[in-house]
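So the protein sequences, as listed, match chains A and B. For the first sequence, our numbering gives the first residue as 1, with consecutive numbering after it. For the second sequence, our numbering gives the first residue as 1, with consecutive numbering after it.
The reader is advised that the hints may include incorrect statements.
[Said to hold, decoys possible] Distance condition first, Cα-Cα at most 20 Å in a straight line; then the derived SDA-like pairs of lysine to any residue:
| hint | chain 1 | residue 1 | chain 2 | residue 2 |
| --- | --- | --- | --- | --- |
| 1 | A | Lys182 | B | Val177 |
| 2 | A | Lys182 | B | Val164 |
| 3 | A | Lys237 | A | Leu112 |
| 4 | A | Lys182 | B | Gly46 |
Honestly, the hints are just simulated from the structure, not real lab data.
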Amino acid sequence: MRPMSSIPWFRLASPASFFPLARRLVPWFSAGAAVLAVAGLWLGLLVAPTDAQQGDAYRIIFIHVPAAWMSMFIYIVMAFWCAVSLTFNTRLAAMLAQALAPTGAMFTVLALITGAMWGKPAWGTYWAWDARMTSELILLFLYFGYMALRNAIDDPRRADRASAVLALVGAVNVPIIYFSVKWWNTLHQGASVSMTSAPTMAVQMLTGMLVMAFAAWFYAIAITLIRVQAIIVEREKNARWIGELLPRTR
Amino acid sequence: MTRDLRLAIRSKAELGVQLLFYVIVVTLFPLAVGAEPTLLRALGPGVLWVAALLASLLSLPRIFAADFADGSLEQLALSTHPLPALISGKIAAHWMSTGLPLAVASPILGAQFGLTTDEGWLLALGLLMGTPTLSLLGAIGAALTLGLRAGGGLLALLILPLYVPILIFGAGSIEAVRAGLGASAQLSLLAAALLATLVGAPLAAAAAVRIALD
Numbered sequence: 001m002r003p004m005s006s007i008p009w010f011r012l013a014s015p016a017s018f019f020p021l022a023r024r025l026v027p028w029f030s031a032g033a034a035v036l037a038v039a040g041l042w043l044g045l046l047v048a049p050t051d052a053q054q055g056d057a058y059r060i061i062f063i064h065v066p067a068a069w070m071s072m073f074i075y076i077v078m079a080f081w082c083a084v085s086l087t088f089n090t091r092l093a094a095m096l097a098q099a100l101a102p103t104g105a106m107f108t109v110l111a112l113i114t115g116a117m118w119g120k121p122a123w124g125t126y127w128a129w130d131a132r133m134t135s136e137l138i139l140l141f142l143y144f145g146y147m148a149l150r151n152a153i154d155d156p157r158r159a160d161r162a163s164a165v166l167a168l169v170g171a172v173n174v175p176i177i178y179f180s181v182k183w184w185n186t187l188h189q190g191a192s193v194s195m196t197s198a199p200t201m202a203v204q205m206l207t208g209m210l211v212m213a214f215a216a217w218f219y220a221i222a223i224t225l226i227r228v229q230a231i232i233v234e235r236e237k238n239a240r241w242i243g244e245l246l247p248r249t250r
Numbered sequence: 001m002t003r004d005l006r007l008a009i010r011s012k013a014e015l016g017v018q019l020l021f022y023v024i025v026v027t028l029f030p031l032a033v034g035a036e037p038t039l040l041r042a043l044g045p046g047v048l049w050v051a052a053l054l055a056s057l058l059s060l061p062r063i064f065a066a067d068f069a070d071g072s073l074e075q076l077a078l079s080t081h082p083l084p085a086l087i088s089g090k091i092a093a094h095w096m097s098t099g100l101p102l103a104v105a106s107p108i109l110g111a112q113f114g115l116t117t118d119e120g121w122l123l124a125l126g127l128l129m130g131t132p133t134l135s136l137l138g139a140i141g142a143a144l145t146l147g148l149r150a151g152g153g154l155l156a157l158l159i160l161p162l163y164v165p166i167l168i169f170g171a172g173s174i175e176a177v178r179a180g181l182g183a184s185a186q187l188s189l190l191a192a193a194l195l196a197t198l199v200g201a202p203l204a205a206a207a208a209v210r211i212a213l214d
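If we strip away everything but chain A, and leave its shape as in the complex, we get (with noise of 0.2 Å):
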């Protein structure tokens, strides 16, 4: 591996050096993604065990842990980006930050959706105000909050430093927000059931998880990727190399 000096960070923080790099990678992620959904599905749909205690309907979590997990990454990693575009006022990070947030929403919504329909068969009800499926719940509120701000703001370099705020405000109070939520609920005495103390995984279901979580990787990096393309050139249809690049735009 090269060190890191020499990699040349500062020309790729320029939109029209990435922009190319961007293209060339999409379709390997995209692959990636595919090739890893494939076998994260064979494996958790046909080679891992029918659980003892809940049948066949445990097989959600092959959707639901790794799409539970990227919701709170990508907040994670648009915070950073939101942080460094705060910090060294680049453009291209709050373009990525941009580009991450509907991805993270996504995740979110098909966390709870697929948590709900786990819900049914493993506790009898679709909701249960659970401590994360509200911490979960409040995450999406953060998301559509980013986006809401980002659209209200029409110049485009006051948008991604007033959503920056926003995130990293955002992302101190997220741990916060958890802690107050699980607190609050065993206040409340909720829930009696509880997912920290599951039976220990078969292997097979384990290989199957982590297999998808690596194809919710690629798949998130790949869509983040063609997005960000798309940011740039409607944010970049002035400069000259955008035109020398995609005739047609002119």
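Got chain A sorted already, so can you dock chain B onto it with the hints?
Below, chain B without anything else, positioned relative to chain A:
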């Protein structure tokens, strides 16, 4: 800050509206769910706290809007004093004209919900410690949405998720006393949240104001 406070006191109409809004929202609940005393007693702390959150939210645009419109916010940003300190002053004035009267009035409203005297004092104490945090967090949202078309609804979407912990600790303090646990843990957490936002929120709000002024 004294100027803001004087402005707030002289415009008695606005000050009253704030408090009346709180009283009316609280009054709506018995009308909606019925006047069953045990039910009201169970709902009371939650209703009084949610109404406080909404009243705080309603008044947030006032922190900066007028100064932004007439350009004095720009003058503040250009002054030699550090902007976060000036903004802290504005937030303090906002709290004294909104959160403080609300906390003072809350034991009376609590009595209508069958809260005991001790619970009423606890409610007032919790609001006294919680509402400054609401003003501080809200100032960030108010600064971020300065001059935007989608003002009010957007502000609610940005700020209410951040209010969640305060609501939980505040309403939870009364629940804890009823469960025989004592409220010191919740009150300590409210105090911790207040101290943390006291340091962090003016900085974030100042950054947001500078972005809005660009």
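Hints, verified against the model:
| no. | hint | verdict |
| --- | --- | --- |
| 1 | Lys182/A - Val177/B | holds, 19 Å |
| 2 | Lys182/A - Val164/B | holds, 12 Å |
| 3 | Lys237/A - Leu112/A | violated, 37 Å |
| 4 | Lys182/A - Gly46/B | holds, 17 Å |
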